[in-house]
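**Q** These protein sequences, in sequence, are chains Y and A. What the first sequence shows, in the numbering used here, is residues 1 to 224, in sequence order. What the second sequence shows, in the numbering used here, is residues 225 to 469, in sequence order.
Calculated from the structure, these hints are not laboratory results. Positions of the beta carbon are idealized from the N, C-alpha and C atoms, including for glycine. The reader is advised that the hints may include incorrect statements.
With the Cβ distance kept under 10 Å, some of the chain A side facing chain Y (calculated, not the full set) [unchecked claim]: (1) S241; (2) R242; (3) V243; (4) V244; (5) N276; (6) S280; (7) I301; (8) L316; (9) P381.
Chain by chain, the residues run as shown.
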Amino acid sequence: MILHLDPDLLEIVLMSLRVSGIALALSTLIGIPLGVVMGLSRFVGRKLVIALLYTGMGFPPVVVGLFVYLLLSRSGPLGSLGWAWVPSLFTPGAMVFAQTIIAFPLVAGFTMAAVMGVDPALRQQVQALGATRWQTAAAILSEARIGVIVSIIAGFGSIISEVGAVMLVGGNIQHSTRVLTTAIVLGTRQGEFDLAIALGTILLAISFVTNVIMLRLQGRTFDE
Amino acid sequence: MNDVVYELQQVTKAYGSRVVLKVEGLEVRRGEILGLVGPSGAGKSTLLRLLNFLESPSSGTVRFLDRAYGPGQGVPIAERRRVTMVFQRPLLLNRSVWANVLYGLRLRGERRTETRALVQSTLEKVGLGGISNQRARTLSGGEAQRVALARAMILRPDVLLLDEPTANLDPYNVGLIEDIVRTLNREQGTTMVMVTHNVFQARRLAHRVALMLEGQIAEEGDVQGFFESPRDPRTAAFVRGEMVY
C-alpha cells in the first residue's frame with residue numbers, strides 16, 4: 001500500500017505534513033523571538049511567564065483542542081466575531097491554530113534554555129566589540145544555534161504525532177481534515193488494519209527521522 | 225584639552241545598596257598605558273565596564289573626548305565603537321579563528337575587499353597566521369587570548385581596555401601578549417587602560433599606575449614615582465608585595 005502510493009494515503013500524509021508544517025512555521029516565528037526575550041531580558045512578571053511557558057510545554061493536546069474548539073465554535077469568543085482571519089472549526093486552518101498553540105511553548109521554552117546557557121560574559125564581550133542590541137541578540141542566538149534547532153525539531157515532534165487536538169477541531173473529515181493520526185484511529189476502529197498499519201509505519205518513520213536528527217544535533221556542533 | 229581621553233568626576237557605581245566604586249577624579253591621557261592595580265573586589269573591572277560604556281555610573285559623570293555622560297545616559301553607538309575591551313577569558317565565538325577576528329568589522333558593516341588582507345596581517349601580528357581556519361574552541365588558552373587580542377586590535381580603537389589579559393597564561397604567552405600590547409601602543413598610539421594583579425607587569429608596561437582599594441583610588445602617579453616613592457603607606461605595602469586590606 002505504501003509502495004503503490006495509494007492516492008488516498010498520499011493525501012492524508014500530505015495533509016499531515018501541511019498542517020503540522022504550517023503550525024511549526026508559525027510556532028517558530030512566535031517561539032524563537034519569545035524565547036530570546038525571555039532568556040536575555042529581566043522584567044517584572046518574567047517568572048510568571050516562564051511558569052506559563054513550562055505549563056504550555058506539557059499541556060495535553062486534547063485540552064488545547066477543547067479550548068480551541070470552544071474559542072472557534074460559532075458562539076465562542078473568536079468564532080462569533082466572524083473575522084476573516086479566524087479559521088472555522090473542522091477546517092485545516094483550525095488544526096493549524098490548535099497545533100501552533102501546542103508547539104510554540106516548546107519552541108520558546110527550549111530556545112530560552114539554550115539562550116540562557118550561553119555564557120553571560122560573552123554578551124558583554126560582544127557589546128564591548130561594538131554590537132548594538134539587535135546584533136547582540138543575533139550573536140547570542142547564533143551561539144545557541146544547536147539548542148534552537150533542537151527546539152524546532154521538538155516542536156515538530158510534538159504536533160506531527162498529536163491526535164487529540166486535530167480530532168476535536170478538525171473532525172477527521174475525509175478529503176478535508178483527515179491526517180495520519182486521526183486516520184489511524186478510524187482505521188483501527190473499522191478493522192481496516194492494513195491501512196492503519198501503513199499509516200502507522202509512515203508516522204513512525206517521520207517521528208524516527210526527526211528524533212534521530214535531534215539526538216545527533218544535541219550531541220555535537222554542526223561542523224566539529 | 226584633547227590630550228585627555230577620559231575624565232571621571234565624582235563617579236560612583238552601586239548595585240542595590242552596595243557601593244562598589246567611588247572615584248572622585250581620574251584622567252586617562254591620550255596615548256598612555258594606565259595600569260590599574262589592586263586586590264580583587266577593589267572595583268577595577270567595574271571601572272573598566274564604565275569606561276567601555278557597558279554600564280552607566282550611579283552618579284557623577286564620565287567624560288569621553290568631547291562629551292560627558294551621567295547616570296542612565298545612553299552613549300551613541302559610534303562613540304561606543306571607539307573603545308573595546310579584552311577580558312580575562314578569551315570569550316571567543318564558536319566559529320573559526322578567521323570569523324572571530326572579522327567579527328567586529330562585520331558589526332560595523334565593513335565589507336571591503338581589503339578586510340581579507342587586514343585579518344591575515346592582524347593574525348600574523350599575534351603570531352597566528354597559519355591557523356585562521358581552525359575552530360576557536362580547539363585553541364589553547366594562550367592562542368585563544370591572542371585571537372581575542374587580534375579581534376580587538378583589528379578595530380583600531382582609540383582606547384583598548386585590558387582586563388587582566390594575561391592571568392592564567394604561561395610565561396611564554398604572557399611575554400608575547402606584552403610585546404603585542406607595547407607595540408600597539410607605540411606604533412598606533414592606542415590609549416590603554418590595563419587591569420592587572422601582577423605588580424611587575426604594571427611596572428613593565430604602564431606609563432602611569434593607579435592603586436584601587438575598596439572602590440576608591442588610593443594613589444595614582446607616574447610609574448617611577450608610584451613604585452619608588454609611593455606617597456600612600458598602603459601603596460608602599462602593595463608594591464612590596466604585602467597584602468593590603
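**Q** Evaluate each hint against the coordinates.
**A** Going through the hints against the structure:
no.	hint	verdict
1	S241	violated, 19 Å
2	R242	violated, 18 Å
3	V243	violated, 21 Å
4	V244	violated, 16 Å
5	N276	holds, 5 Å
6	S280	violated, 13 Å
7	I301	holds, 6 Å
8	L316	holds, 9 Å
9	P381	holds, 9 Å
Checked against the numbered hints above, the structure violates hints 1, 2, 3, 4 and 6; every other hint is satisfied.
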